[in-house]
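Here the protein sequences line up with chains A and B, keeping their order.
So for the first sequence, the working numbering puts the first residue at 1; every next one is plus one.
So for the second sequence, the working numbering puts the first residue at 1; every next one is plus one.
If you're looking for bench data, these hints aren't it; they were derived computationally from the structure.
We put the beta carbon where it would ideally sit given N, CA and C, even for glycine.
Among the hints, erroneous ones may be present.
Covered by chain B, per the in silico footprint, the following chain A stretches (three or more residues, Cβ under 8 Å) [said to hold, decoys possible]:
no.: 1; segment: 14 to 26
no.: 2; segment: 33 to 40
no.: 3; segment: 92 to 102
Label-pair restraints from in silico Cβ distances [as the list claims (entries may be wrong)]:
no.: 4; chain 1: B; residue 1: Lys-355; chain 2: A; residue 2: Asp-108; range: 23 to 33 Å
no.: 5; chain 1: A; residue 1: Leu-119; chain 2: B; residue 2: Leu-114; range: 34 to 44 Å
no.: 6; chain 1: B; residue 1: Asp-260; chain 2: A; residue 2: Gly-11; range: 46 to 56 Å
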Amino acid sequence: MIEVRFHGRGGQGAVTAAEILAKAAFEDGKYCQAFPFFGVERRGAPVMAFTRIDDQPIRRRYQIYNPDYVLVLDDGLLKVVDVFSGLKEGGKLIINTKNSIEKTEGADIHKVDATGIALDILGVPIVNTILLGAFAGVTGAVSIESIIKIINETFSGKIGEKNAKAATLAYNTAKKIDK
Amino acid sequence: MVTKVMSANQAIAEAVKLANPEVIPVYPITPQTTISEYLAKYVADGDLDSEYIMVESEHSAISASLGASGTGVRVFTATSSQGLALMHEISFAAAGLRLPVVMADANRALSAPLSIWNDQQDSISERDAGWIQIYAEDGQEALDSILMAYRISEDKNVLLPSMVCIDGFILTHTVDPVNIPAKEDVNKFLPKYKPDHAYLDTKKPMSIGTFTDPSYYMDARYDMELAMERSQEIIAKAHTEFSEIFGRDYDFVEKYRSEDADVIIVAMGSICSTIKDVVDELRDAGEKVGLVRVRVFRPFPKTQIYEALKGASKIGVIDKNVCFSIGGVLATEIRSNTGLDVSGFIVGLGGRDIKPSDIKEIMEKTKNPTKQTQWIGLKKEEH
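Here chain A stands alone, though its shape is the one from the complex (with noise of 0.2 Å):
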């Protein structure tokens, strides 16, 4: 099983993230899960999301404490939230910054641009669509044609192919590194 557990603010999109991974892994032919963190949410304040993925049904329904993959849309909030906590050993983290990382944990860490591709494609600082991408190029858990699909089938239109493209770029982006 994969568990993923998204760090973002409220109205950063990091809800509708972690249901776009899942419903793409369900795409790729795989049993899925994801959940907030149960509470209130508030525009600017730190909010959590989660996604399981197994090639078996899923039936545990507690919160992810030991996550394998740690995305992290907002880097102020490294000051504020342990984004590491409970990662598990060698696990990665996908974060969107432009700057170095001092205090890595162990962590595998892979950061993007995204507000950068953001900015550039669809003009508003909004990036979870673009962590999707960069997650599917550095971790190959979930297909970038599926993600694609999902995107286009949440937001119409438009909104959805500047979200597809950015997401693209993210994933072509994270494979170059990686290679």
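Mind docking chain B on chain A? Use the hints.
Leaving out everything else, chain B in the frame of chain A:
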């Protein structure tokens, strides 16, 4: 028939769309709200031909449900926590008037302290209202249970309302794959509701819900008791026919690796999924443990529970509710109805996350009971 990734709230809305009630009076409340929203959208988009009534409170939602059901049409409503508590007065009336209303309750803690998070105190506190109560383990079962609830409630031998309970957030806000049955299959299982008992009709005026003096009231209540007893047979029949048409099996209680178990845990709702994972893990380690999940809580399936538990040497019952100075309600009812010795555990009140380590602690404490009721997951040791 199509499988889609969706929340249990959306699964319930899909079930309602398939059941096609004529009237839907609802008032939004966390974590039920998205059920109201999905249904409003279906109606606005023309995907569901129902009268959607925006009411000003839950008391009005259940009152309008009662009034609509009294005219002999299919009705759906949904609520949660404080909303269900506000419905309390009319809930008894709906059952007493023998109206087959179907309601979804997104299980949430009751105030105070104020909490929007999950436990089952809200619906457990309505256990004496005369409603059939079903606790779903996941979104699929939530959808399926709504369809079965209409079949059971509308049966002329039952005519009692039904409440389908789903754990707030843990199910209402979690998405996973749910199979949506084909409309023609649903029509076979659940034909249009045609009451053959008395209902309000302007062409044949009559009254329902009239004042009843002591020479009638008690007999009317006894009739409800008989209906609740008869519902066992109707529920069993609904399970069988549902399985024949849709291929998914349901029972009053679900036995998971409990047949030869020395230690059995009993619980209701979504927590059972996590318990199944723990049972598998401990079975792999050679421990003979199992789970008995109570799915239908009213009518209380005492015989089925006794049969499922009688072979175990130790039994632990998990409750997400508390009856102060007594313990958990499920544990208490199992104790008094089966005569079996069970240890009670109170967990997850107000949404406290229940981890596999908590389940293992409960299993250990079930093996070595020290007191009748123990609270698991408190920040401090018990006082």
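Hints, verified against the model:
no. : hint                              : in the structure
1   : 14 to 26                          : holds (count 4)
2   : 33 to 40                          : holds (count 7)
3   : 92 to 102                         : violated (count 0)
4   : B:Lys-355 x A:Asp-108: 23 to 33 Å : 26 Å, holds
5   : A:Leu-119 x B:Leu-114: 34 to 44 Å : 41 Å, holds
6   : B:Asp-260 x A:Gly-11: 46 to 56 Å  : 52 Å, holds
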